[in-house]
Amino acid sequence: MRVPMLVGLCLGLGVAAASAHAQMSPEQAQAIAGDPAHVPQSLRLVDVPKPTGPAIALLNGRDLNDWQTWLGYRDPALTYLDKPGAKPIGAGQGSMFKMVEVDGGPALYVNGETWGSIVHNKKFSNYHLRLEYKWGAQRYAPRVDQPHNNGLLYHSGGTPGGVYGTWMPAVEFEIMLGSVGMVVPVGTHIGVRTSVGYDPKIIYPHRRYMVGGRTIDVAQPAWNVEASTDPERPVGEWNTVDLYVLGDRAIHVLNGVPVMEVHDLSIRDRKTGKKRPLTSGRIQFQSEGAETYFRNVTVEPIAALPRVVKD
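Numbering (the working numbering), first residue to last: 1 to 311.
Bear in mind the hints are in silico, worked out from the structure with no lab data behind them. Treat each hint with caution, since some may be false.
Stated by the list, open to error - Below, computed lysine-lysine pairings styled on DSS-like, alpha-carbon distance capped at 27 Å:
| no. | residue 1 | residue 2 |
| --- | --- | --- |
| 1 | 123 | 275 |
| 2 | 123 | 134 |
| 3 | 275 | 122 |
| 4 | 134 | 98 |
| 5 | 271 | 83 |
| 6 | 274 | 123 |
| 7 | 271 | 87 |
| 8 | 123 | 271 |
| 9 | 201 | 310 |
| 10 | 98 | 87 |
| 11 | 274 | 122 |
| 12 | 122 | 134 |
| 13 | 310 | 50 |
| 14 | 122 | 98 |
| 15 | 50 | 122 |
| 16 | 50 | 123 |
| 17 | 98 | 123 |
Please take these sequences and the hints and turn them into a complete structure.
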């Protein structure tokens with residue numbers, strides 16, 4: 001997921017990072033003041049919990065009857081405008097989401113041309129979600145020259161299209177080339193905390209997950225935290241995502257490597273301003289500019305989280 005100030009920028013490029021740093025507003029600079037320097041870390045997962053019950057397959061291999069879809073604006077370039085001057089397409093999948101056969105088995109195909117979401121009907125809490133994904137060949141405007149991008153959104157709830165007319169509020173496990181596992185609160189009333197270090201090689205907010213780093217709230221204007229490393233395989237190959245969720249805590253894992261740990265997930269009541277822990281919700285996949293395939297999507301219950309340790 002992208003936000004207005006960052007449309008058109010590419011993560012991981014030193015030139016873009018330098019430009020973004022030079023253009024920081026006083027508010028942006030204040031938001032990241034005091035972040036310690038990022039130190040590269042080699043992380044691994046230990047004490048992986050055994051499931052407390054059977055796994056549930058979220059894709060039935062035939063149809064999308066267990067899912068609901070929502071499409072944003074016909075022109076995705078309108079998505080982040082304060083006054084887009086158009087209405088979202090709304091409920092209905094068209095050809096953006098469908099079950100297909102790929103590499104000898106069923107997979108969910110996400111087209112990416114029109115931005116939107118597909119959300120599973122059930123709510124889940126205290127689980128280990130596993131899936132495989134790979135990128136297709138096609139990318140679409142306004143991200144045709146930017147990294148392949150879609151996302152896995154968890155603890156989804158509220159109104160379809162409640163965020164930018166396109167996505168249901170949630171916590172995002174970013175699935176974007178080079179940044180898989182990044183965390184993004186999808187909705188300004190969604191709260192996320194994690195620990196970070198300052199990495200000048202990436203664009204604002206220059207924050208990368210770091211064990212033992214500064215504990216921060218992920219909130220505007222410092223809208224995201226980058227994954228600790230990039231263990232993604234080349235475009236066209238399958239990657240394995242593991243998401244461990246227990247209560248208001250979660251761990252993001254890519255190809256067996258932990259890349260993000262978050263805690264104190266919360267949601268703020270927009271009327272009263274009161275926050276409560278965010279501990280359950282629906283599973284949501286984004287359509288956001290790139291062809292993507294998802295397969296072997298399963299959820300199994302757990303009663304403990306694994307631990308992230310550094311070597």
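Going through the hints against the structure:
no., hint, verdict
1, 123 <-> 275, "holds, 20 Å"
2, 123 <-> 134, "holds, 25 Å"
3, 275 <-> 122, "holds, 23 Å"
4, 134 <-> 98, "holds, 15 Å"
5, 271 <-> 83, "holds, 22 Å"
6, 274 <-> 123, "holds, 22 Å"
7, 271 <-> 87, "holds, 24 Å"
8, 123 <-> 271, "holds, 24 Å"
9, 201 <-> 310, "holds, 22 Å"
10, 98 <-> 87, "holds, 24 Å"
11, 274 <-> 122, "holds, 26 Å"
12, 122 <-> 134, "holds, 25 Å"
13, 310 <-> 50, "holds, 22 Å"
14, 122 <-> 98, "holds, 19 Å"
15, 50 <-> 122, "holds, 22 Å"
16, 50 <-> 123, "holds, 21 Å"
17, 98 <-> 123, "holds, 21 Å"
In the structure shown, no violation is registered for any of the earlier numbered hints.
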